[in-house]
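Protein chains: 2
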Amino acid sequence: MNSNDVAMTPPKADKATVRRHNLSLVLTTVHDAGETTRAAVAARVGLTRAAVSSLVDQLLTEGLLTEWGKTFSGQAGRPGTVLKVARSGPAGLGVEINIDAVTVCVVDLAGTDRVRLVERRDNRGDAPAAVLAQAARIAARAIESAAEQELRPVAAELALPGLVSGGAVRQAPNLGWNRVAVEGLFAQALTALRPAHRALPVGADNEANLAAMGELWFGDCAGGDGTARVPSFIYLTGEIGIGGALVLGGRLLRGAHGFAGEIGHVVVEPDGPACRCGARGCLEQYAGRAALLRAAGLDEATGAAGVAELARRAGAGDRVALRALESAGRSLGRVLSGAVNLIDPDAVVLGGVFPGFLPWLAPAADRELAARVVSGLWTPGSGRLRAASSSGDAARGAAARGVREVLADPAAYAERVAGRSR
Amino acid sequence: MNSNDVAMTPPKADKATVRRHNLSLVLTTVHDAGETTRAAVAARVGLTRAAVSSLVDQLLTEGLLTEWGKTFSGQAGRPGTVLKVARSGPAGLGVEINIDAVTVCVVDLAGTDRVRLVERRDNRGDAPAAVLAQAARIAARAIESAAEQELRPVAAELALPGLVSGGAVRQAPNLGWNRVAVEGLFAQALTALRPAHRALPVGADNEANLAAMGELWFGDCAGGDGTARVPSFIYLTGEIGIGGALVLGGRLLRGAHGFAGEIGHVVVEPDGPACRCGARGCLEQYAGRAALLRAAGLDEATGAAGVAELARRAGAGDRVALRALESAGRSLGRVLSGAVNLIDPDAVVLGGVFPGFLPWLAPAADRELAARVVSGLWTPGSGRLRAASSSGDAARGAAARGVREVLADPAAYAERVAGRSR
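Chains as they are written, first to last, in our numbering: chain A, 1 to 422; chain B, 423 to 844.
The shape of chain A in the complex, shown without the other chains:
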């Protein structure tokens, strides 16, 4: 092979860019390990001890890492100081607005849930601006609680049960919202309450997307060391409606327009009950919370109390309750078998009210999956249909998004802090 020596464009990587990248590498490595030492970080990322020490010093100065005592490993060499990510400083704020509650959550850099405020309210009763103003009031209180723990949110993320793109809700049928500029309305309301929060960046996403990220980062699908044990899954939130999200290879599938994952509106029976989306026979009319309560002869307006009552009745062997859950499980299994045939994920994760009903839903769903998935991989007992872990929900997933950005580029965070104090 001819290999003339010629002028070539070298790959662009100046020192500042490399250092910026390495700062993130070191911070993320400490984050994923939980606690570790400079030496272990150096071994893990393949940088020299000197390089790691310099990077750690900078991260300590910027308040993103902390040192915790000494570790005596019993091995040769001087004992290392234990490194952890900071428990104070940058935080993420998540605000989940659902049909019957607003949940606000603040997580620290480690992703730990440090503040959580839940207010039960019927959000269908008020205008969107009023709901967002109330959410901003709860968020302001959460920010105050966080400040008492020396945590300061770097970003706020709204989680909403509907189609969200470009900072607005395009449609949220169960809230009755259409084309609501949620990011702007929330930021305005928060600034009106606390002018100091004017600079807080506000984002918004579909709640199922954020619950799926919560599951990926904090739930049973997480591998514990920054890797995803279950990298591809379909996530369902069973609330009044049914939201969905697709995580493929550890990444959220947004779709061409940001509207992927709407499994609640896949058809079960073309001439079935009318759905709030305008079509008929959508899955959420068979397996959503309201449909489940109705089918069991319970008042769908009873919400969480009704859910508890349905589980109690099913546990006691009540035939109507069992039939309602089995029928919902069958519809769920039919729609899921189609989704699995299309996407071929590792697992289906059921969140919201579903985990509490799983003993009665799962057998019927499993039967449909076993009969209909052509790969033959979805036999009952395969463990592929599973309950969401309680540790990852939409509010926490939303809150974590902000701190994940700090992990991805700590230098940008430091520059923002420096800019603010100047």
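Don't take each hint at face value.
[Claimed, not checked] Quick look at which bits of chain A chain B covers, simulated, 3 or more residues with Cβ under 8 Å:
| # | region |
| --- | --- |
| 1 | 163-172 |
| 2 | 243-249 |
| 3 | 255-261 |
| 4 | 264-277 |
| 5 | 342-353 |
[To be verified] Every beta carbon over 12 Å from chain B, so not counted as near; a handful from chain A, in silico:
| # | residue |
| --- | --- |
| 6 | Ala33 |
| 7 | Thr81 |
| 8 | Ala110 |
| 9 | Val118 |
| 10 | Glu119 |
| 11 | Ala127 |
| 12 | Glu144 |
| 13 | Gly184 |
| 14 | Leu193 |
| 15 | Trp217 |
| 16 | Ser232 |
| 17 | Gly281 |
| 18 | Ala301 |
| 19 | Glu309 |
| 20 | Ala370 |
[Unchecked claim] Here chain A is said to cover these stretches of chain B; the calculated rule only asks that three of the stretch's residues, wherever they fall, bring their Cβ under 8 Å from a Cβ of chain A:
| # | region |
| --- | --- |
| 21 | 663-671 |
| 22 | 675-689 |
The set of hints was computed from the structure by calculation and includes no laboratory data.
Ideal placement from N, C-alpha and C gives every residue a C-beta, glycine not left out.
We have chain A; now place chain B onto it with these hints.
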């Protein structure tokens, strides 16, 4: 921000790696442009003229590029020689084994279909090994025809209507194949016929996956300059069965186990007709070719003649034919609306027999899509439901995979050629 000067690991990129990458960059740029000049390539990729000239010289020596006369641009500077990718040399071999035909195709480096042999035969009648032996005989003849045009296949790719992974068909219900090691059997048969082909690498994939790549590379979804005009689409092959593939952001979604895209087995009616996959009421029992012919009162065994007759009858306004097509379109629309709600693609592309039936299928499918897709983006007339272009089929997509590898790493091709002649 503190910016201590410290030891850092430089990004690894030695000269040989950079040159290897740049060879591909230049070859791909010429390929995508169709024809171009050294100067235009340099401007496009951001390398110096000298670097591009050296890389072009190497690609000319290796027979991957050719020069065609002079171009006088009317602009300052000396006229450039026109560069094109070679019309001889490396080629790809595609072998599509479907229910009632074997199609073998050879494409050159530009992706042009240079040899095509089609043999109609009922592949359900013979054992898999016999079908693969016959496919090998047709392939051997195609390789001979290609040699007369100075084309030499660098790889063979089999396209099969079923679940394919690890070089084997796991299940191809419409062929009646189960766990057939297709790559090995085909390679053996080809080597037995022509020992010289012993070294030809053989791959295998689902035919819908390869038809989708054909559409992405050569069809209306291609942008013409190497970019995809429609980067995300669901592709359906309407044959006896219905295969499917998902292309997301210009890449094939394979799924966690390689079985994504099986839209033909999404349920339409849970108690519908039995499907060859073992379940009931799958889409292909409503909109596959055999189901369409049956519903129209035609003999499903008539194959292509029956398809032509059905189209003729529909065109003549035959009520039974129109009702059969409308009903299939409705089922198709229901299943597609679910898939679109899940995946949110730019388009759905209908291949196989569907394009010929589109005038009668599409209105019913469009109505379902408009009513059921929650994003509201699938209104009739949106052009999102479209016929596959005739220029990209599974055989051509399969053939192109080999030459795409040469484009991605021309140095590896040159090394293999050098190894062979040593």
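Inset, instruction - May I ask which of the numbered hints given earlier this structure violates, with the numbers listed in increasing order? - result: The structure breaks hints 16, 17 and 20; every other hint is satisfied.
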